[in-house]
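Q: Add chains B and H to chain L, keeping to what the hints say.
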Amino acid sequence: MKNALKTLSFFRNVVFLKWASQVVFLVGLLYIIWSYIQNAVVNLEQTNIAFSWGWLGETPGVSIAEGMYTLPNSGRQMIQVGMLNMLRVTVTGIFAATFLGTFLGIARLSKNYIVEKTSTGLLEVVRNVPLLVQIFFFQAFVLTFPRLEVFDVGTYNLHVSAKGIAFPWLNRQPTAYLFWVYLVAILILANKIYKWRVQILEREGRETRPFLWSVGIFFGLLVAGWYGGYRVMGVIGFLAGYISTGVDLLPAIFYQILFSSVAVFIGFRSTKKFIDSKKSEEAQGIYSDDDYFKIILNVVVVLLVVVLMFSSVGLGLSNFLVGDEIVFKADWGVPQFFDGVNNKLYWNPEAKIVLEAELDGMKKAEIVDWIAVPGTEVTKGDVVAIVTAKDLKGDLNQEISINAKYTGVIEEVFVSNGDTIKIKDKTYDIRVTDSKPLELSRPKVEQIGTTKFKRYAEGFGKSLSVGYFAIWLGVVLYTAIFISEVVRAGIMAVSKGQSEAGLSLGLGRGALLRLVVLPQAIRVMLPPMGNQYLNLAKNTSLGIAVAYPEIVAVGQTLYNQEGQTLPVFLIWMAFYSTVSLTISTIINYYNRKMKIVER
Amino acid sequence: MSIIQTKDVKKWFGDFQALKGITMDVAEGEVLVVCGPSGSGKSTFIRCINRLEQHQEGQIIVDGIELTNDLKNIEAIRSEVGMVFQSFNLFPHLTVMQNITLAQIWVRKKNRAESEEKAMELLERVGIPEQAQKFPGQLSGGQQQRVAIARALAMEPKIMLFDEPTSALDPEMIKEVLDVMKELAKSGMTMIVVTHEMGFAKEVADRVMLFDEGMLVEENTPEEFFNNPKSDRTKLFLSQIL
Amino acid sequence: MVDLIKKNAKSLQESLFSSVGSAVLTIATTYLVINFFRGMLGFALTSDKDWLAVLNNMQLYMVQAYPEEDFIRVWLSVGLTFVLAGLSIGIWRSDDRVKSSQVFNSFFKGGLGVLFFTIIAPTNASFMGNDGSVITEEVFSMDTRLGILIPVAVFCVIFFSIRFINVKFTVNSSDMVFFYLFIPVALLWFVKLPTIQLDQNNERIIPDPVMPIADTTKIPWTVIFVSFLVSYFIGMYLKSIKSIKSIMSLSWFLLPLLIFSWIFKKPQIDMSVVLGSDLPIFGVFLLWGFLVITFVNNSIFKKYYSTYLGVTFLLTLVGVFSGLPMLAKTCLLLIALFSVVVPAVSTSSQGKRSLLIVWAVALVTLTFLLRGGASDTGIVVPGSSIFGGFSLTWLLAIFGTYVSFPLGVLLALGRNSKLPIIRIVCTGIIELTRSVPYITWLFFASVTLAVFLPAGVEFNLIVRVLMVTAFFSGAYFAENIRGGLQSIPKGQYEAADAIGMSPFQKISLIIMPQALRAVIPTLVSSAITAFKDSSLVTIIGLFDFLTIGKTVIGNQSIPVNFVGHDRENLIFVAIVYWIFTFTLSRRSMKVEKKLGLGER
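Sequence lines, in order, name chains L, B and H. Numbering of the first sequence is given in this note's numbering, commencing with residue 1 and proceeding in unit increments. Numbering of the second sequence is given in this note's numbering, commencing with residue 1 and proceeding in unit increments. Numbering of the third sequence is given in this note's numbering, commencing with residue 1 and proceeding in unit increments.
Source of the hints: derived by calculation from the structure; they are not laboratory data. Because the structure is a prediction, the values reported are computed rather than measured. Virtual Cβ for every residue (Gly too), placed ideally from N, Cα, C. Warning: the hint list may mix true and false statements.
As the list claims (entries may be wrong) - Not everything, but these chain B residues come out facing chain L in the computed CB check (under 8 Å): (1) Asp-15; (2) Leu-71; (3) Lys-72; (4) Ile-74.
Unchecked claim - Now the in silico label distances, taken between C-beta atoms and shown as ranges: (5) B:Gly-64 - L:Ser-584: 52 to 60 Å; (6) B:Arg-112 - H:Gly-383: 51 to 59 Å; (7) L:Ser-584 - H:Ile-234: 52 to 60 Å.
Unchecked claim - Keeping only pairs whose Cα atoms sit at most 25 Å apart, straight-line, the calculated DSS-like set for lysine-lysine is: (8) H:Lys-109 - H:Lys-6; (9) H:Lys-302 - B:Lys-110; (10) L:Lys-279 - L:Lys-294; (11) L:Lys-462 - L:Lys-452; (12) L:Lys-18 - H:Lys-490; (13) H:Lys-352 - B:Lys-118; (14) B:Lys-109 - H:Lys-352; (15) L:Lys-294 - H:Lys-6; (16) B:Lys-109 - H:Lys-532; (17) B:Lys-72 - H:Lys-109; (18) H:Lys-192 - H:Lys-49; (19) B:Lys-134 - H:Lys-239; (20) L:Lys-18 - H:Lys-506; (21) L:Lys-278 - B:Lys-109; (22) B:Lys-72 - B:Lys-10; (23) L:Lys-279 - B:Lys-10; (24) H:Lys-302 - H:Lys-506; (25) H:Lys-239 - B:Lys-72; (26) H:Lys-6 - L:Lys-117; (27) H:Lys-245 - B:Lys-134.
One chain only, chain L, in its complex shape (with noise of 0.2 Å):
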């Protein structure tokens, strides 16, 4: 071979050859690139408009119409808003379309003609019409309502207005976040108990009814919970308070190392692990030319990763982390987070009053005077506090005072006079937290101030906003006919040998159903739905025709301000990139249970 290589011109050799392209290819294509980056460097030279990121910390003087933050102060939270409603309308449409989207699926494989044929008709015309003209459908439905100011002030039970669509809803008092990690505590109990109760039955062989104890642990618990139970998870509160403290105490440097050696510790096992494969004693260290580019793209790799650490990127990121500058984190929500939690989920939450108050601008505040003491029993909207507000730059600024949120005797002043609070919403409430974590209540019209204009009172009921209602609803219709395909090849992949085979055993409709062709078919239905589900949330992006805030909508009118189109594109990049891959995450992790449970 060595003798054949010698005599061989480097232009005829086919190992030359494909090299030789693949650099000219890569080559070419930087080049490329490379000149068309020059071409934007010259062209936002001349447009004065230059690449920054500095916008992100500046107050973008634009309102939201809907979201966490209405007034953002940084463009970060602006985009922070994006995102949640993004996410919001995305998880929520998730769920929605996969419920909708089986039923409608299964109707389509009815024997029943007349349910076979509306569910097909309903497939047919939300299929085939651009899901755009849908949305705007949805949105021209209710806008030709009446504008909400011809509506009386009170309370209904559905109101549907210009404004939007308002209904009873249960409404989370603060403590909400506690009652819904328990809920998910006993879920994981009752699975546990049901395997459990299982395995009795294996063993022992004796009627353990495992589905019964389950279901009545559950239920018992769950109504031991509502009845305040729930505080028990409060510990959570603790531990995240603890592991966010010592988050912080280590120094940025040590993160950048951190980051850089885990890197470098990966890439050299697998590179080891590569090296010894090839070095066992029947590959005899023979490496073809794939083998070395495979090793030289594995360092390529992670000296990217360590200069990255230790450029801007990774200074920026290990900030962050120690919340070196508390302004930047905290506008991403880590420490309200983990500080929320602790606060929230406080062993006796029921003891306390939540203080939530912010104000435009304003960072910090300082209680000045209680008036409601513990023990006084207060009514929704009494005054319970008086509050000053400081700007960033600590000015004196404004005196203001809270009201309270709910009906109830306050028994302890959770925050303390002179504490920093941060100051959220024009109602500035203190609340007074209930034993039961949601409340059912009705949709409320109220008048704004002394204006003329009216609005859906919060925390009464629920209620969408036009845009909310007209996104929301298209994206899950039209993700429930996408899906209620992949239900019913799904189900039909399953042959009928394997019903029949299950029905000769014996076993019963249910039994049939739950042991035999669910799970074959939602192994093939997966994948494909984790497709739709994808499509989901790319198609929450149509938000922006009808007004809803999320990220592209928000980052459009970023850009409309600031004159930064590179940036903001870049930051949808990285956003829909996470969550397109948290999603296929998700599924492939799934996926590769059932295949486990296949086996």
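A: Frame of chain L; chains B and H shown alone:
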């Protein structure tokens, strides 16, 4: 003069060594039958001869051209070596006629009329001229394999490689393929045949080889191979297969 | 007849009331469906809807502000499409015959449908006024109901009882197309519709007077129908010509190019450019092609053939990125590909002659189309483009597919390549493109793309949209095609290698045809998605079909008052989109079935 020469050919698939130094040569016009248990490297070996697999060590010289990374050499050898696969590998989107004329037109640069004439001639030789306008999917396995042989012959190769040509066929179809191969052998074509058909080996082969675990265990004339094998491994193999 | 009813009743009972649960479901669904249709009918008929907002704006919907004096160009485009369709139907005329009973049955069923809607239509419907009060009014009087019910019932009875008389004949299924098209064209001459008329004060006369349809609508459609019919017969006559089917396919491919570059565009041709640049380029490449065809199989030339090919490809690469005229660039690309094909075909003098004809025709077509495309338009309309409304939607859909499909093929091949760098790059491009929604790419086209272009280079927004669409749909096409590539067994590659094919031949002759055939259904559904997605350009402010319905008509206030009539227009837009996508998906299902039969 030998038309194929190999010297100490070695080949690895990852950790697994498929060929552990094969040295042999084939004379022009010779019919060589290669047998051996599955996984013994016999298919890998003949696939190395026309570079469907790449050997990592040793030398393979076909018709005076050494198989190296040289682009021209690979092209030259491939157009001189015809190959017939176990799973036929006919092109399902083309008719039988198009399957046979394709390479003549595009590789040999013949014109259509000429290549169609050649194709009909070959189809008659393999005994299925009436199937010319059908698609491979409409033919039986035996007919498909005969088309595959015709396709390979259309390139006018000096050497034909057969990679278990009958093992995917029903018993009644094996004969029709073997008949074509016998006819081909008699016409003086150099052939290397990987097969389990011992009857074919006895009748047609000039030499028989046994591969086991990537090594050439025995190389002998058919009479000696079947009646008086040298190695115990061959005896064991024959006792299992006959 | 009694037996028939009994049999139907029994099967109905089995399918609808087999069990209590099924019966409950049946009743619940029926209730829902009937109420849904009642609601829709009530919605459509109440007096606060102004359907003239749709009817009166057809011109806007189709061509936006295209000048009326050039409407002949629009009609010519539509007419050409119909002529080509007629020819194709004639050439591909199927031998399937439809039985008379099937035809009568479909009439009967259609009649039943009308009866159903007439019966369930609500007498009174209500809507919410501006002050939040509910207004109820009569929308469907008993007289109207009976006036429809009785004739339709008679119609139904006739077509139901016809099956008991021995009237049996069959109709060719292709002929039925003309029958279905004849009905609307004939109706144009008889139907009278409410029309918007203005009085002396330039105000809309209410109620709208009922008038026959304008001559400017019905005469062109009638002419088109007649030419459609004539071309159908011509097509049947042409059927026997050998290569007619490939010529027709090519014509379908070229028709949109012709329409958009010459007919619709009304190019202002600068003769000095034609003579000074186009003709010389044309001549040079004609000569080049001629030389290649003549000498390619000459023994001396053959020796240097690969050198020639290398030089040509290098020239092409340099030329494409240089400042040459568009025509020269395209011709270079074409001659490079042409040179690859030539040696195989140009072996006989007959082959040489036909090659020369093909080359000349291709060059003429290319020069003709590019000149039309590159020239200034003679059409003056407000806005960024002469295309608007449905013609823009078509433009985006067709050219989106034209450019993205080849790109998709290339990306799929790259992602499937054995060469690691190319594979990584192609995978990166595909995944990055797909990770972000289409609308962000449209924003990229409308605001960011300009930043990356060299100073002085400016593209029309539509061109920029087409550029990003090429990548976006291309990435989706690539993923579909990759699925097809993965379904090709390894043996096919090996067989192609074994008979000595070059990689290029292997891919283009063996792998791609099979891979594409395997994924036709997914490709069609991707194309449908691309068609539906073209509506997104409304968000970046292009005047496509949806924008007209959603924004433009909703802003017409004087003298007509169409403000607030979004829903009527959106329903119309939805119906039009629905008709196109539904027909397309149904057609593709049929083609898929046919292919499946042919292959196995």
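Q: Would you say the C-beta atoms of Gly-64 (chain B) and Ser-584 (chain L) sit inside 52 to 60 Å of each other?
A: 55 Å, holds
Q: Given the hinted pair Lys-18 (chain L) and Lys-506 (chain H), is their alpha-carbon gap at most 25 Å?
A: It holds: about 17 Å lies between the C-alpha atoms, which stays within 25 Å.
Q: Quickly compare the C-alpha distance for Lys-279 (chain L) and Lys-10 (chain B) to 25 Å and report which way the hint goes.
A: 16 Å, holds
Q: Are the Cα atoms of Lys-302 (chain H) and Lys-110 (chain B) separated by 25 Å or less?
A: 14 Å, holds
Q: With the threshold set at 25 Å, check whether the alpha-carbon distance from Lys-72 (chain B) to Lys-109 (chain H) stays at or below it.
A: 70 Å, violated
Q: Are Lys-245 (chain H) and Lys-134 (chain B) close enough, with their CA atoms no more than 25 Å apart?
A: 21 Å, holds
Q: Holds or violated: the 51 to 59 Å window for the beta-carbon distance between Arg-112 (chain B) and Gly-383 (chain H)?
A: 53 Å, holds
Q: Within 25 Å, alpha carbon to alpha carbon, are Lys-72 (chain B) and Lys-10 (chain B)?
A: 23 Å, holds
Q: Hey, Lys-6 (chain H) versus Lys-117 (chain L), does the alpha-carbon distance stay inside 25 Å?
A: Distance ~22 Å between Lys-6 (chain H) and Lys-117 (chain L) Cα, so the pair holds.
Q: Does the structure keep Lys-18 (chain L) and Lys-490 (chain H) at a Cα separation of 25 Å or less?
A: Holds. Lys-18 (chain L) to Lys-490 (chain H) sits at ~21 Å (cutoff 25 Å).
Q: May I ask you to test the hint 52 to 60 Å on the CB atoms belonging to Ser-584 (chain L) and Ile-234 (chain H)?
A: 54 Å, holds
Q: Lys-278 (chain L) and Lys-109 (chain B) were given as a pair; does the straight-line alpha-carbon distance stay at or below 25 Å?
A: 44 Å, violated
The structure shown violates the earlier hints numbered 15, 16, 17, 21, 25.
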